[in-house]
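Residue numbers (our numbering), protein chains in the order written: chain L, 221 to 634; chain E, 221 to 634.
Put simply, identical chains are the same to the list, so a pair is met inside one copy or across any two.
EDC-like mimics (lysine to aspartate or glutamate), calculated; alpha carbons at most 16 Å apart, straight line: (1) LYS229 to ASP347; (2) LYS568 to ASP283; (3) LYS557 to GLU581.
Hints are computed from structural coordinates only; laboratory data are not their basis.
Number of protein chains: 2
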Amino acid sequence: MLQSQLFTKTSRHVSGDETSINAKLLTQAGYIDKQMAGVYSYLPLGWRVFRKIEQIIREEMNDIGGQEMEMTALQSKELWETTSRWETSEQIMYKFEEKGAAPIGLAWTHEEAVTRIAKRFINSYRDLPRYVYQLQTKFRNEPRAKSGIIRTREFVMKDLYSFHTTEADLDVYYEQVKEAYLKIFKRCGLEALVVEASGGAFTKKYSHEFQVLTEAGEDYVVYCEACKYAQNKDLDKAKAGDNCPQCQTNKLKDGKSVEVGNIFKLGTKFSEAFKLYFTDEQGKQQPVIMASYGIGPGRVMGTIVEVHNDKDGIIWPENVAPFQLHLILLGESAEIKKQAEDLYKYLKDQNIETLFDERDESAGTKFKDADLLGIPWRAVVSEKTKGKIELRNRLTGKIELISNKELLNKFSVQ
Amino acid sequence: MLQSQLFTKTSRHVSGDETSINAKLLTQAGYIDKQMAGVYSYLPLGWRVFRKIEQIIREEMNDIGGQEMEMTALQSKELWETTSRWETSEQIMYKFEEKGAAPIGLAWTHEEAVTRIAKRFINSYRDLPRYVYQLQTKFRNEPRAKSGIIRTREFVMKDLYSFHTTEADLDVYYEQVKEAYLKIFKRCGLEALVVEASGGAFTKKYSHEFQVLTEAGEDYVVYCEACKYAQNKDLDKAKAGDNCPQCQTNKLKDGKSVEVGNIFKLGTKFSEAFKLYFTDEQGKQQPVIMASYGIGPGRVMGTIVEVHNDKDGIIWPENVAPFQLHLILLGESAEIKKQAEDLYKYLKDQNIETLFDERDESAGTKFKDADLLGIPWRAVVSEKTKGKIELRNRLTGKIELISNKELLNKFSVQ
Chain L
221 MLQSQLFTKT SRHVSGDETS INAKLLTQAG YIDKQMAGVY SYLPLGWRVF RKIEQIIREE
281 MNDIGGQEME MTALQSKELW ETTSRWETSE QIMYKFEEKG AAPIGLAWTH EEAVTRIAKR
341 FINSYRDLPR YVYQLQTKFR NEPRAKSGII RTREFVMKDL YSFHTTEADL DVYYEQVKEA
401 YLKIFKRCGL EALVVEASGG AFTKKYSHEF QVLTEAGEDY VVYCEACKYA QNKDLDKAKA
461 GDNCPQCQTN KLKDGKSVEV GNIFKLGTKF SEAFKLYFTD EQGKQQPVIM ASYGIGPGRV
521 MGTIVEVHND KDGIIWPENV APFQLHLILL GESAEIKKQA EDLYKYLKDQ NIETLFDERD
581 ESAGTKFKDA DLLGIPWRAV VSEKTKGKIE LRNRLTGKIE LISNKELLNK FSVQ
Chain E
221 MLQSQLFTKT SRHVSGDETS INAKLLTQAG YIDKQMAGVY SYLPLGWRVF RKIEQIIREE
281 MNDIGGQEME MTALQSKELW ETTSRWETSE QIMYKFEEKG AAPIGLAWTH EEAVTRIAKR
341 FINSYRDLPR YVYQLQTKFR NEPRAKSGII RTREFVMKDL YSFHTTEADL DVYYEQVKEA
401 YLKIFKRCGL EALVVEASGG AFTKKYSHEF QVLTEAGEDY VVYCEACKYA QNKDLDKAKA
461 GDNCPQCQTN KLKDGKSVEV GNIFKLGTKF SEAFKLYFTD EQGKQQPVIM ASYGIGPGRV
521 MGTIVEVHND KDGIIWPENV APFQLHLILL GESAEIKKQA EDLYKYLKDQ NIETLFDERD
581 ESAGTKFKDA DLLGIPWRAV VSEKTKGKIE LRNRLTGKIE LISNKELLNK FSVQ
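Just chain L, same shape as in the assembly (with noise of 0.2 Å):
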């Protein structure tokens, strides 16, 4: 695309009530825009490496079978009451009960929402297991919403929901979707721990988080320099300074952390609740065993500006970046214009995602935009590079003369 007709431009500035990094460098890139506090829209550079994420999650729970379906948001309170959750989720649920209308609620998860549908087409062991999935906007009141879009009132969430005729079945796909998980953070860049939770709205028992050690985080997780276990600092168990429980050696630490995603197992407390049984080899009738399993996109963007950035701006990981090259024009002359003019358009025919700065601006500007914006890999064509292009890498700021040819071989998707 070409830089000139983008919707959006830098900014030097950024407003002083926004105090996370993930904030600062995605508005003052033009990525997302505070509507208000912790409501943040994405303007198409940050919807570009949202939807970027969103694919890696959805490509990764389909692998693992599951389907993808989109419920409501809006949900009435009959359908929460069915788990007492109507009155128990008051802080965190937006409501509107208005005269004479039936009460409605805004969805913070789809546990009801999806186990009243499970009603209507599991009847037997025959229909189980079964794997649903949605990537889906969600709201919760979030009263001090302050880590830019790592904590959000509106946020889209992969919520994937299974049901299973007995809890062995259950630990065997709770370990894929664990090997999914880990699998979807790696391709986002990001090293996830996996953490034994100390609960939370949900059920105590059963539930893993996964955590990415940064300083934005809002929890703290204890883990293992050595084998990698980890366990929220809150559980009893171990503490830095103790010997590892896993691996018995003495690299134990602890360290601010963002809770990336989450996997619960729920057992039979919203089976029971709606009456969602089956049929069992024997002809008795048994609640289906169940489990969640959760997911931000925003979430995990905004874990990745944390992870991945500099005193000059975002450095996006490949797998997400809004686009692979950002092609720099510098200089006036007719030739070398038509230069970086049929190179764009070559990349362009060859689907390689290109930036292309061909803006009236200084090189200086240019260059401080484009580190800003945080584009993997920055080509700069100019007078000094004489017909060659400069290639330079945001991460390793290594620069390299290479031949157009070169470049798109570099490039061309295999």
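Got chain L sorted already, so can you dock chain E onto it with the hints?
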């Protein structure tokens, strides 16, 4: 996908409060689930159709320079007071006015939000024109939602906003969008009339609706069978029986119709309210000229079902069908099973979207389900087909006996 693993099943029954054809058929076929009046979840098959419609819209929007973004549903009272629409949208807008907290509303349209954001980036004639769009969930308090997924309280809308220096520039783009819209509807299997609109919540002037004739519609249009001239029936211009004001023939009819899209010239209404000005080439401040353009993919999907069905079920146009091919195995011999399974595997490897009905059900049940689901092509492998495949077109009912190779040639993506 294996039909035995599908999350949903078809159903012969549908609750009595569904009166529209689209809600009945989509519910029976397991494409949607009603959470409450006017609020529907999209189940896996339905979500496949929905996402295909979204993708068609996305491609056509990108083709006319649209940059995709995603704005928020939660919006502040303050934002909407800028245009006085906090008060005037009392009936339609869901609002939370909690004690001690700033009032929040759920956006039912995004002119306010996008104009405020545009102010961050548009200052000069050099920053114009700009085109941004989103596929985003909106909320409207519709007390009498009764047309299935055609009119709902929660729905995704594709809303495009354009920003221009002059009316002449807007006019050119407005025509481009009109063409793009007609392409979208055509690709979705709908024939839409471009209708002079009689207005609504927006400005009365300079707007057009895209109407599809069907008995399920809530709108009425006067249209010419000869030249496709059309106007809203409320407009006091022409009546059925009159000569057509465009081609002068007496082919003017009127009919129930569904509004599947609309386009509005907003002028400077929103830019004046938000002080979205640009500096022109003479250095003078001018208000930006705007337009907005909407399509609801869910409404399009509902309309497709209203138009394309018969007594046995849905008949999806190929571009939006959840699968291209419904492969049906009849018979229990190892040989027939192997033929069907090998064929399915091959189709999968070739990325031909196939639903494989390998369930242990009767031919009658399988055929009834296939007709209800409405996948455009049904391929039966059975003892009777003697190593060949019986291919049936859902629309025409035409049956042909073909070889594996002929089938693969027919469906291979070029």
